[in-house]
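Read off the chains here:
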Amino acid sequence: TQLLEQSPQFLSIQEGENLTVYCNSSSVFSSLQWYRQEPGEGPVLLVTVVTGGEVKKLKRLTFQFGDARKDSSLHITAAQPGDTGLYLCAGDTSGTYKYIFGTGTRLKVLA
Amino acid sequence: DVKVTQSSRYLVKRTGEKVFLECVQDMDHENMFWYRQDPGLGLRLIYFSYDVKMKEKGDIPEGYSVSREKKERFSLILESASTNQTSMYLCASSNRKSSYEQYFGPGTRLTVT
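Residue numbers (my numbering), protein chains in the order written: chain A, 1 to 111; chain B, 1 to 113.
Be careful, since some hints might not be right.
To be verified - Calculated lysine to aspartate or glutamate pairs in the EDC-like style (CA-CA distance at most 16 Å, straight line):
#1 B:Lys3 to B:Glu22
#2 B:Lys70 to B:Asp26
#3 B:Lys18 to B:Glu79
#4 A:Lys56 to A:Asp67
#5 B:Lys3 to A:Glu41
#6 A:Lys98 to B:Glu101
#7 B:Lys70 to B:Glu22
#8 A:Lys98 to B:Glu22
#9 B:Lys53 to B:Glu30
#10 A:Lys98 to B:Glu30
#11 A:Lys98 to B:Asp51
#12 A:Lys98 to B:Asp59
#13 B:Lys71 to B:Asp51
#14 B:Lys97 to B:Asp28
#15 B:Lys3 to B:Asp28
#16 A:Lys56 to A:Asp71
Just so you know, the hints here were simulated from the structure itself, not pulled from any lab data.
One chain only, chain B, in its complex shape (with noise of 0.2 Å):
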């Protein structure tokens, strides 16, 4: 059974502190993504990677970085938390012989107070 595994489900921060958000996935799939999801909005990209230590920006960057030092794995840092942060985090994986079809985990609730 396919897996994408984040590493909190919920997460309270305080303004200023620096946040990991860690993501792996068990199908050795070459593409791995960060979004955040907000009502209203849906789901918009942060960042991407195509390959280790490959990454590419999505459209909403600012304020985050990351890093994918292992195949199966894809962290998201908020260098300096700030409460406009506070959102639902999303981690998902794919790759070609899937046609492309992404698979999510479960979800990191961010607050940032």
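Same shape as in the complex, but just chain A (with noise of 0.2 Å):
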């Protein structure tokens, strides 16, 4: 089974500060999603990326494919309460609608 691993597995972070979740695998992804999920919720999608080194913005949140489609990363700017979660990548290999779950990264934010 491939793997797509996630780093760091939690995050707890004041209010204000910056941060980085990588998202890493050794298999090549015809495209990428990322996913946040608060608790007693399923995941809603955030962004999907299809091209090698594409980077993506959603607000204060910066989406970056790797150029060899092997590894993502999302990087927050400032921060917020608002932005506690789990998060989750998910790589499609085939180029059909199966996605390959990673293995997650809780973030705390703290007022």
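Join the two chains, each given in its own frame, into one complex according to the hints.
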């Protein structure tokens, strides 16, 4: 089974700090998605990246897809308590609709 | 507003019981998925379906079966529940038009005692 590893596994920071979450694999992905999951809810899609080197911004969140399409990062600027949640990356290796999910990064932003 | 609903938010069953988890989507999506979510392991795909009556095994199908008799409904069946199937179960749906974004239900937390 292919594995998508995320780091760090846990992150607790103060409001206003910056942070980066990483998603790494030995496999090449045709596309990669980032989701956020809040307690008691299912994951919700934040972004999909498909081109190596692609950078997408969603307000204070910046997503980057690695040049070789094997890794991705999520950077949050000036984190807020509302950013608290579980962040999951998910990669598609075959160009189909089946995504492999990463192990998750649990973020807590303290006011 | 798109919606995926799951029949129960919490479920407690005994070892050996047959368990049915139901998932319904109202978006006319062709693809539906069942995952289990465990701490430190992320989401692992159990089964998925790309059309009515069609199903394929995911990464961890052992101990599970599925049924999709109608497009909007995808059921996960635990034939004989075991304690190692205690987990959070998430259903999702997707289609080509939405670039295969997966829409998830709220999850069913199953405890097998």
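Q: Could you work out which earlier hints the structure fails to respect and list their numbers in ascending sequence?
A: The structure breaks only hint 8.
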